[in-house]
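Chemist: Read off the chains here:
There are 4 protein chains.
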Amino acid sequence: MINVGIVGGTGYTGVELLRLLVQHPKVRIKAITSRGEAGMSVAELFTNLRGHIDLKFSDPADAKLSQCDVVFFATPNGIAMQQAEILLEAGVKVIDLAADFRIKDVAEWERWYGMQHACPHLVAEAVYGLPEINRDEVKNARLIANPGCYPTAVQLGFLPLIEAGIVDTDHLIADVKSGVSGAGRKAEVHTLHAEASDNFKAYGVPGHRHLPEIKQGLSRVAQHPVGLTFVPHLVPMIRGIHATLYAKITNQIDLQALYEKRYQDEAFVDVLPAGKHPETRSVRGSNLCRIAVHQPQNGDTAVILSVTDNLVKGAAGQAIQNMNILFGLSETMGIQQVPLLP
Amino acid sequence: MINVGIVGGTGYTGVELLRLLVQHPKVRIKAITSRGEAGMSVAELFTNLRGHIDLKFSDPADAKLSQCDVVFFATPNGIAMQQAEILLEAGVKVIDLAADFRIKDVAEWERWYGMQHACPHLVAEAVYGLPEINRDEVKNARLIANPGCYPTAVQLGFLPLIEAGIVDTDHLIADVKSGVSGAGRKAEVHTLHAEASDNFKAYGVPGHRHLPEIKQGLSRVAQHPVGLTFVPHLVPMIRGIHATLYAKITNQIDLQALYEKRYQDEAFVDVLPAGKHPETRSVRGSNLCRIAVHQPQNGDTAVILSVTDNLVKGAAGQAIQNMNILFGLSETMGIQQVPLLP
Amino acid sequence: MINVGIVGGTGYTGVELLRLLVQHPKVRIKAITSRGEAGMSVAELFTNLRGHIDLKFSDPADAKLSQCDVVFFATPNGIAMQQAEILLEAGVKVIDLAADFRIKDVAEWERWYGMQHACPHLVAEAVYGLPEINRDEVKNARLIANPGCYPTAVQLGFLPLIEAGIVDTDHLIADVKSGVSGAGRKAEVHTLHAEASDNFKAYGVPGHRHLPEIKQGLSRVAQHPVGLTFVPHLVPMIRGIHATLYAKITNQIDLQALYEKRYQDEAFVDVLPAGKHPETRSVRGSNLCRIAVHQPQNGDTAVILSVTDNLVKGAAGQAIQNMNILFGLSETMGIQQVPLLP
Amino acid sequence: MINVGIVGGTGYTGVELLRLLVQHPKVRIKAITSRGEAGMSVAELFTNLRGHIDLKFSDPADAKLSQCDVVFFATPNGIAMQQAEILLEAGVKVIDLAADFRIKDVAEWERWYGMQHACPHLVAEAVYGLPEINRDEVKNARLIANPGCYPTAVQLGFLPLIEAGIVDTDHLIADVKSGVSGAGRKAEVHTLHAEASDNFKAYGVPGHRHLPEIKQGLSRVAQHPVGLTFVPHLVPMIRGIHATLYAKITNQIDLQALYEKRYQDEAFVDVLPAGKHPETRSVRGSNLCRIAVHQPQNGDTAVILSVTDNLVKGAAGQAIQNMNILFGLSETMGIQQVPLLP
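Residue numbers (this note's numbering), protein chains in the order written: chain A, 637 to 978; chain B, 637 to 978; chain C, 637 to 978; chain D, 637 to 978.
Here chain A stands alone, though its shape is the one from the complex (with noise of 0.2 Å):
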C-alpha cells in the first residue's frame, strides 16, 4: 500500500483526490492538513464522503507527512514550493497540482504569479507531469508539476498537429471555456450563483496565468517558440472544460487519422469518430480527454474540440496517473469511473 499525504484538503482539488483516492485499492490515506480546518472531520465539510473516510484535517504541524510515500499539495499557489524541498530530502515523492514548478523559466514565472519563488533550484528537476508526453521522464520523477486545468486540454489537443509540423504555430488560437469549479472553492463575489448562473463571458483577455505554461509545452514539442491567443470563458456549470482550438494548416494531410494513430495506446484520451462533437458531460467525474478533429468546408483551418473535467484529468486525476506511473502501478488503476450522464 502507498501510503498518501494531502496538504491543503478543503478546496475541490482536494475533495477531488478524496473521492478517487478512498476507492483506490492500492492507496491507504494517512493524512489530510488544513490550518483552517484542523480538528474537524473530512466527512463533515464534504457531505459525499460521509462512510468513505474517518479522518480529520490535522494541522499542518502534526501531520507527520515526511513518514508518507507521496504528498499531494492542493494548496493554494506559493506553498509547496515552501515545503516540497524537506519532503524530498525525507524520500517522499511530491506531486504538486498548483502551479508553483510549472513553469522552467523563474523570471517568467514570478512575472505571472506576483511573488517570488522559495525554491528556484528545484524547478529545474522537476517533471511537468503530462504523461501523453511526458511519461518516461514522470517515471524516474521526485518531484512532478502536475499541469493547470487548460493547459492539459489545450495541449493534447494541439499536440498532434504540432508534432507532425503541418500548422502555422505563430498564430494558434485557444478559446477554452470551463466550468467554475475551475475558480476554486473560495468565497467570491463573481462566482456566486447568482452570478455566474444564466450568463456567460470572457475574462483574463489581456493576459492568463495559463497561457505562459501552454506556450511552453507546446514550444517543447514543436522545437521553437509558439505564438499562442489564449482566451478563457466561464460557463454556468460546475465541471468541465471545453477547449476549441483554431490552427491554421500548412501541410495538407488526414487529420483524423493522424490523432487517432497519435493517440491508440493512450488509456485516457479518446478520439471520437469523424463529424462528431464532444461535450463535457461525457467526461464528468472522469479522467478521460474526449477530442474531435474538424476541418470546416476543407478550408486550411483546423478546429479541435477537446474537453476533460477540470477537477479529474485537469487536476486530481491526474495527479493520481502520475501517483500510478511514479510507483509502477497500473496507469490506469483507480481511476476509471464511468462518466456520471446525464
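These aren't lab readings, by the way, just hints derived from the structure by calculation.
All values derive from a computational prediction rather than experimental measurement.
All residues carry an ideal CB built from backbone N, CA and C; glycine is no exception.
Take the hints with a grain of salt, since some may be wrong.
As the list claims (entries may be wrong) - Covered stretches of chain B, going by a simulated chain A footprint (3 or more residues, C-beta under 8 Å):
#, region
1, 694-703
2, 915-927
To be verified - Here are a few chain A residues that face chain C, going by a calculated C-beta distance under 10 Å:
#, residue
3, Y749
4, G750
5, M751
6, A754
7, G815
8, V816
9, S817
10, R821
11, A823
12, E824
13, H826
14, A830
15, S833
16, D834
17, R875
18, L894
Unchecked claim - Straight-line Cα separation of at most 27 Å, DSS-like style, residue types lysine-lysine; simulated pairs:
#, chain 1, residue 1, chain 2, residue 2
19, A, K822, C, K912
20, D, K740, D, K692
21, A, K662, B, K662
22, B, K822, D, K822
Fit chains B, C and D to the given chain A structure using the hints.
Modeler: Relative to the frame of chain A, chains B, C and D by itself:
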C-alpha cells in the same frame, strides 16, 4: 457471473443501469433492447459509456432475453406487464423499474395509469422492492416491482415515525422536489432547458401517480390506511430528490435516536447528526438516502428531510440492490460509488 | 418629481431599486451611497445600468440625504435603525428594505437578529408595508418597514384563509423555496455556483428570522397567535420564491371564489384559474404575486401556491409600491414591467 | 397607432415580440396566429403575459392580416416566403424573423435550408434589417429580412475592423456561444434541461446556416468575399449570445478608438471601456449589443467580444427597431428596457 438483460435502454434509468452494471464485478450484460435504436452502438447514444461497453441496442425480438438470469425493464409503464410472464416461465428473474407491478389494487392502478392491466395475476406475486422494508420478501421473489423515485425518498423518511406509532397518520404531508431527469429522456416542451432552468414550480397537486404507491406502502407499515397530501415540484437541477416531510407528533420521544436506531444496519440509509440539513448533491450518483430529523422550536410538528439521487436509489441503483439480494450477493456490491461533489 | 436617495446600493436590492427607479416617470435619483465603493460609477459595478444612469456611489457623509423626499435603505440589518431618526426629523420619508422596523416586539427582534435595537421608539411608529393588508396605514406613514421576501409570499398566500377563519391556525405549514439572490450579493462559499447549482437543500429548519415576522403578520390578521412551521429551501435559480402552504380546513367553502374575491382589486396579486400551478418565471422581474388554490382529492387540507420575484415584490418593487402610495401616485406607476419569459 | 399582426406566435420570438409590443406606446396588436393553438388565450400559454394581453391565438385563415400596417413572421423557415407577397400587395409591410429572405443567392439559400424557395423574386427586394449597416435602406423597405441571432452579434463585432480594412479577411474566426433559447421552443431531446444543463459543447462545426449569412454581410462591407471559420456552441443558459472574434491585424491602429467612433451614434451598440469583458447578463432582456476590444500582448491578433440577447437584439427587439425605422418613429421607442441583473 449473472447474465443480465435490459429492456428499453434508451432512457435515463437505462443509461444509469449501464453505468452501474459495467462496473459490477459479478455481472455480464448480455443484451440491451430498443425498438427505435436497434443496431446503434450503445456508446454512440450515451457518450459517457465510450470505452466501457461494446454492445449495440438489439431488437426486442432478437434479444434472447430468456437466456438471461435477470431482466431489468427500464421501459415506460405498460410494457413489463406484457412481457414478464414469459420470462418468469423461462426461469428468468424480472425487475421492473416502471410502475406495472407496484400497486396491489389493480383497479386503483388502472385508474391512475389510464390503461387496463395486462397481467393482474402477477401483481399479487410481485414483491415491492424497497429492501429497507421488504428485504426478506425480496430474497425469494421472482418478480420485483422496483419503487418509484418519490416513493423511495418519502417512505424511507416517514418509516420510523409510522413504525413507532407516534404521529397523526391521517394528515401526513410530503412536499417533495425533484430534478428534471425524473421526467425522463422524452422530448417535451416543459422540461426544455429554456423552460425548466432558472424556474421553480409545483405540478400534479390535484393528484400524482406516486400518491397511491406511497399511501399503500405507509398504510402497510401503519396497518391501517394513512392520509397523505403529496405535492411534487420541479427543481432546475439534473438529479436529486428532496422530500420535506411533515407529521404531527402525538407522542413525544427522541426522534433522532429513533431514526439512528432504525437505520443503524442499513448500508444505504444515512441519518445525519442532529441539526443538519442534507443536500441532494451529497448523494449525487450514489445509492444513498440521507435523512435529517427536526422538531422546530420543540413543537408538535416533526420535519424530516430525506434526499436521494432519483436515478440511483430512486431507480437503477435500488434495482441493482434488489438484484444483489435476489442472487445472494453482498447487498452493496457494485453500488458503492462515492457521490460526485461538487 | 420625487427626489430619491438610496443608502447602501451595492447589493441586489440596490441594483433592483435602480433598475426600476431609472424607469419611473416621477423619480429623480439624487444620491446612492456606499462606504466601500464611494467614487465608483454605478454603471461600472452594475453593467446592466450602463447608459441608464450617470451617478457615482457617494460616501454616506457627503450624500445630503436630508434634501431628498424619500430615502430607501438597501442596507444590511442594523443600519437603518441608526440613521432613520435624523432623516425623519428633516422631513424625509424612510423606507427600510431591511428588517430593522419589521418586528413590533423589540425583545423578540433582538433575540432573532442578535443585536440591540438602536431606536426602539420608532418601531412602534413604523408601518409594515404590505399594501394588500395595510394600504391605509402606508398612506400616512413617515417610516415604512418593507416586508421580507418570504413573508410577502407567505402572508399573501395565507391571508384569505385566515381572514375567513376557516383553517386550523395552530398548525400552519409554509414550505418555501427561494432563488439564491435571496442570500444577497455577499461572497460566501455556500452560495457559489459550484456549490448551489445542480443542488437542492433546506436550511434554517430549527429557526429562521422570517418566522417571527410571518407569525406577527398572520396573528394580527387572525387576531390571536398562530402556530407556524416554516421551512426555507435554496433553489438553484437566481430569482424567485415559491411558497407551498398547507392548512387544515375546518370549515368547507369555495376556496377559489374566496381568493378571487379577496384579490379582485389588487393590481399585484393574480389568482390563477382553478387547477393551475404558478411558476416563478411567470413573475420574473415583475412586482406580481401569482397564487393558485388547491384542495387535493377534496380532502381537508388546503394547498396554496404563491410565487413572487424575491427582488421585486419581495423587496425593491414593493418598496416602490409603498413609495407610490406614500406620495399619492398611482400605485402601479413604474412597476408594471412584463415578466421576462423565457 | 400602428396595427400589428404576428404570424406564428407560439415560439420564443413570438412571446418576446409580445412582451415588447404590449409595452410599445404606438402599437396596437390586432392578431396573433397559430395553427396549433387557435382559440387559446395567449396569456394561458405564456403566463408572463397574464394581465398584459387579452388576445387569443387566431387561425391564420381568420386573422385579417391584410388590415394590419405591418406583419411580423415569427415562424419556422419556409413560411414567410409563401405568404409575404399577398400581404405586400395589400400594402402591408412585412418583417420576417426567420431566414427566408436573408440570403441573396437563392441557390445558396436552397442548399443550406434544404427546400426550394417559393418566392425568389422577392429576395432581391428584401432589405437585410441590420440598422447599424443598412438604416437608410430599411427606411424605404416593404419587406425586411430580420438578421439571425449569431449574425447580428458577429457582424456588429467585426464591422469596424472590416470597414477600416485593417485585418486579414481571408481567415476570420468567430467562436460563438448561445443560450438554449436560440434552439427555439421545440420539444427536442438535446435541449432538455437534463441534457443541456451543466454541460457545454460545440455543434455544427462542419457547417451552420448562419455561416453564409455572416459571410454575405461581411463580404458586402469588405467589397470582396471573406473567409470565415464559424463555430457555434451551446451554453447552459436561457438567453444570450457571446461572440469571441479573432482577426489577424494587417495594419496597426488604435482599435478602441476605432470602435468608439464607429458606434458613437448608435443607441443599441455600447463599446465598453478598454480592458473590459462584457457578460451576456448585462444585456439580458434588452436590445443592446455590448462590445469590448482586445489586442492581447499587443500582438497581431485582434480579439473582439460581442454580446447580445439572442431573443431581443438577435430577434424580436431588432425587428421592432426595424419597425420603428420603417414607420418613422424614434428608433428606440418601446425597446429601452433596462437589462435584468442579476
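Chemist: Now, for every hint given, state plainly whether the structure supports it.
Modeler: For each hint, the structure was consulted:
| no. | hint | in the structure |
| --- | --- | --- |
| 1 | 694-703 | violated (count 0) |
| 2 | 915-927 | holds (count 9) |
| 3 | Y749 | violated, 23 Å |
| 4 | G750 | violated, 21 Å |
| 5 | M751 | violated, 23 Å |
| 6 | A754 | violated, 28 Å |
| 7 | G815 | holds, 7 Å |
| 8 | V816 | holds, 4 Å |
| 9 | S817 | holds, 4 Å |
| 10 | R821 | holds, 6 Å |
| 11 | A823 | holds, 4 Å |
| 12 | E824 | holds, 5 Å |
| 13 | H826 | holds, 9 Å |
| 14 | A830 | holds, 4 Å |
| 15 | S833 | holds, 6 Å |
| 16 | D834 | holds, 6 Å |
| 17 | R875 | holds, 8 Å |
| 18 | L894 | violated, 36 Å |
| 19 | K822/A x K912/C | violated, 41 Å |
| 20 | K740/D x K692/D | violated, 36 Å |
| 21 | K662/A x K662/B | holds, 21 Å |
| 22 | K822/B x K822/D | holds, 12 Å |
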